[in-house]
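*Asks:* In case you want the letters, here they are:
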Amino acid sequence: MTAVILSALAFGLALFALTQRRLLWGVLGVGAHSLTLAGLYLALSAPDVALTEAAVGFGLVTLTYLLALRRTGKLVVAACPLYPLLYQEGERITGLEWEILERFARWCHRDLEIVWVPRREIPRLLHAGEAHLGAGGFLPGPEEGVRFSRPLVPTKLVCLRLQEGPLGAVAGEPGQELATIAYEDAGELARALLRGEIGGAVVDLLRQREWQLHRLISHEGSTATLEEKGFAFAVAPDEEELWKSLEEFLAALEKAGVLEELRRRYLG
Amino acid sequence: MESLSGLALAVALAALGLWTMVTRRNVLWKLLGLNVASGGSILFLVALSHRSGARPAIVGLGPSPAVDPLPQALVLTAIVIHFATLALALALVIVLTERRHTQDVKKLEEEG
Amino acid sequence: MKWITAGVLLGLAALLGLGIAGVWPRPEFPDPDPIATEWDVENAVAAIVLGVRLWDTLFEVLVYALAMVGVRFFLSGMRWQGILPPLAETPLLRRSADLLFGPILVFAVYVAVSGHIGPGGGFPAGIILGSGLLLLALAKGVEHLSTELYEPKLEGLEYVAVAATLFLGAIVLIVGVRSSAAFVAGNLLVALEVAIGAWVVVHRFASARGEV
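Protein sequence lines correspond, in order, to chains S, C and Z. For the first sequence, the residue numbers in the numbering used here are 80 to 347. For the second sequence, the residue numbers in the numbering used here are 46 to 157. For the third sequence, the residue numbers in the numbering used here are 1023 to 1234.
Hints listed in this document are in silico derivations from the structure and should not be mistaken for laboratory results. Heads up, the beta-carbon is just placed ideally off N, CA and C, and yes, glycines get one too. A portion of the hints provided could be inaccurate.
Said to hold, decoys possible - Okay, the calculated beta carbon distance ranges per label pair:
{"hint": "1", "chain 1": "S", "residue 1": "ASP317", "chain 2": "Z", "residue 2": "GLY1039", "range": "47 to 53 Å"}
{"hint": "2", "chain 1": "C", "residue 1": "LYS151", "chain 2": "S", "residue 2": "ALA335", "range": "54 to 60 Å"}
{"hint": "3", "chain 1": "C", "residue 1": "LEU137", "chain 2": "S", "residue 2": "PHE227", "range": "53 to 59 Å"}
{"hint": "4", "chain 1": "C", "residue 1": "THR130", "chain 2": "Z", "residue 2": "VAL1128", "range": "52 to 58 Å"}
What the hints assert, rightly or not - Result set (DSS-like, lysine-lysine): computed pairs, CA atoms no more than 25 Å apart in a straight line:
{"hint": "5", "chain 1": "C", "residue 1": "LYS75", "chain 2": "S", "residue 2": "LYS323"}
{"hint": "6", "chain 1": "C", "residue 1": "LYS152", "chain 2": "S", "residue 2": "LYS153"}
{"hint": "7", "chain 1": "C", "residue 1": "LYS151", "chain 2": "C", "residue 2": "LYS75"}
{"hint": "8", "chain 1": "C", "residue 1": "LYS151", "chain 2": "S", "residue 2": "LYS153"}
{"hint": "9", "chain 1": "Z", "residue 1": "LYS1175", "chain 2": "C", "residue 2": "LYS152"}
{"hint": "10", "chain 1": "S", "residue 1": "LYS153", "chain 2": "C", "residue 2": "LYS75"}
{"hint": "11", "chain 1": "C", "residue 1": "LYS75", "chain 2": "Z", "residue 2": "LYS1024"}
{"hint": "12", "chain 1": "Z", "residue 1": "LYS1175", "chain 2": "Z", "residue 2": "LYS1162"}
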């Protein structure tokens, strides 16, 4: 009698597991089905087989599948924080690029995951295949070998001069070739500027506005515009389809006027 | 009675697994279907070994007739080897996704 | 396409029905207890796996080791270059993993050692130990645990276990020893090999990058 009930339960679980849409639920369903199969073996007086099937089918097979499937359906974005494009406010992440990324992830049915890295690491992670997109105020720098989406926010590269001294820049950004000292991230650059180690910085307009807004630098200096650039998303070089779907999505957003509205809301 | 339900379930699981392997386009779903189908074949062998009112084949467990231990012995190592084969198949799927960036069989067949 | 599949499935069901009709009603067979006592053990299934059909079991051990070599080979070029993303962990998992690993180890050794007098044997024991190592890896981080376990030496130990199993099997086959001590030793060696193989799979999968 128990064998009949367990057989029906095992068949029901297998049917449930193999007609799912999400792979994760299919794997867990097959794991539960293996456990009921182990119970069925016990009802058929085969204790060795039941023990082995329970340990293998429910323990190791499900866990191996889950270990192998960690990155399925994820969109990994390597970013460095830049107000107001992509920054972290307490527990939440917000910003203009964050909203675009969220809509894009929902549109292509993937889970969004942001990895905060220094600016210099973004091309390396994209080349190594560990991140799909690069964001967070990504100015197209010289010969990096990654693809770019269409420019989202136009900006200018400025040279901010507060006092006499060498120029500094964030390592990896396009201002690096004009500056003498390179720093890991913008926070260090701002602190060095405050301490007077460097006389000026080569940054983009939004970064300068962020410093002024958050009063990270002590006083006004002279600004000289160097170059016109535009922020864009960076796509890993071997992700052809992702780049195409990103272009399509951004074109649709632009046509619907959503990009204009977001720019107005975040940039003023 | 119990072996009959076991045999019917084995046939049903083999059919379900084969259906999944043929119909689904994702390589990983095909692997899951293979998993279920092999569970069905293991169940077939174990259900064949059962006799009615039987005890496990361990000495000293009672006077009733024992089950047939031979199919159970064949199946015992097969389950562990099945796990090893699954690990190898998943490693191959990881390398395949790394090179071709897709797990869809139709897209894999297109570019040769 | 769907009709072809339905036709194939119907053919499969008919073939299986024919197979069942071939083995039904199942024949009577003699009591398997003399098989067990002839090999000086009490579990008839263990007597068959490691006694009557020892030749097959040796090759299955070899197939398992070869599959693990294959996994290592295919995933050798796929190490993470950046920061390894953490496996999902909660404080409950971290505290309980250290507590639970002791009983899991003891249980695995018990199942292996008592494989000839009760259900169990080397194969489930190795899998249980592998699952215990996986639990520990989830709590402590895979790279940390692999340095704690001296992984190159562990892989060497797996090959030693395989060689020892084959050697012991050869002795039992050629000389014709029939004692339960050979069963216990064989079970323990097989458990060691299966556990190390499962740990290799866990480690390589957890530290492989790639899109899957």
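*Asks:* Is C:LYS151 close enough to S:LYS153, meaning Cα to Cα at most 25 Å?
*Replies:* holds (22 Å)
*Asks:* So the hint says 47 to 53 Å: do the beta-carbon atoms of S:ASP317 and Z:GLY1039 match that?
*Replies:* About 50 Å separates the Cβ atoms of S:ASP317 and Z:GLY1039, which means 47 to 53 Å holds.
*Asks:* Please work out if S:LYS153 and C:LYS75 have their alpha carbons no farther apart than 25 Å.
*Replies:* holds (21 Å)
*Asks:* Can you confirm whether the C-alpha distance between C:LYS75 and S:LYS323 stays at or below 25 Å?
*Replies:* violated (28 Å)
*Asks:* Against the 25 Å threshold, does the CA-CA distance of Z:LYS1175 and C:LYS152 hold or violate the hint?
*Replies:* violated (42 Å)
*Asks:* With 52 to 58 Å as the target window, see if C:THR130 and Z:VAL1128 comply at their CB atoms.
*Replies:* violated (30 Å)
*Asks:* Please work out if C:LYS75 and Z:LYS1024 have their alpha carbons no farther apart than 25 Å.
*Replies:* With a Cα-Cα distance of about 16 Å, the restraint between C:LYS75 and Z:LYS1024 holds, given a limit of 25 Å.
*Asks:* Confirm or reject the claim that C:LYS151 and S:ALA335 have a C-beta distance inside 54 to 60 Å.
*Replies:* Since C:LYS151 and S:ALA335 have Cβ atoms about 31 Å apart, the given range 54 to 60 Å is violated.
*Asks:* Given the proposed pairing of C:LYS151 with C:LYS75, does the C-alpha separation stay at or below 25 Å?
*Replies:* holds (13 Å)
*Asks:* Would the pair C:LYS152 and S:LYS153 pass a check requiring their Cα atoms to be no farther apart than 25 Å?
*Replies:* Answer holds: C:LYS152 to S:LYS153 is near 20 Å, not above 25 Å.
*Asks:* Between the beta carbons of C:LEU137 and S:PHE227, is the distance compatible with 53 to 59 Å?
*Replies:* Violated, since C:LEU137 and S:PHE227 (Cβ atoms, about 33 Å apart) do not stay within the stated range.
*Asks:* For the pair we were handed, Z:LYS1175 and Z:LYS1162, check the Cα-Cα distance against 25 Å.
*Replies:* Distance ~20 Å between Z:LYS1175 and Z:LYS1162 Cα, so the pair holds.
Figure legend: structure checked against the earlier numbered hints; hints not met, in rising order: 2, 3, 4, 5 and 9.
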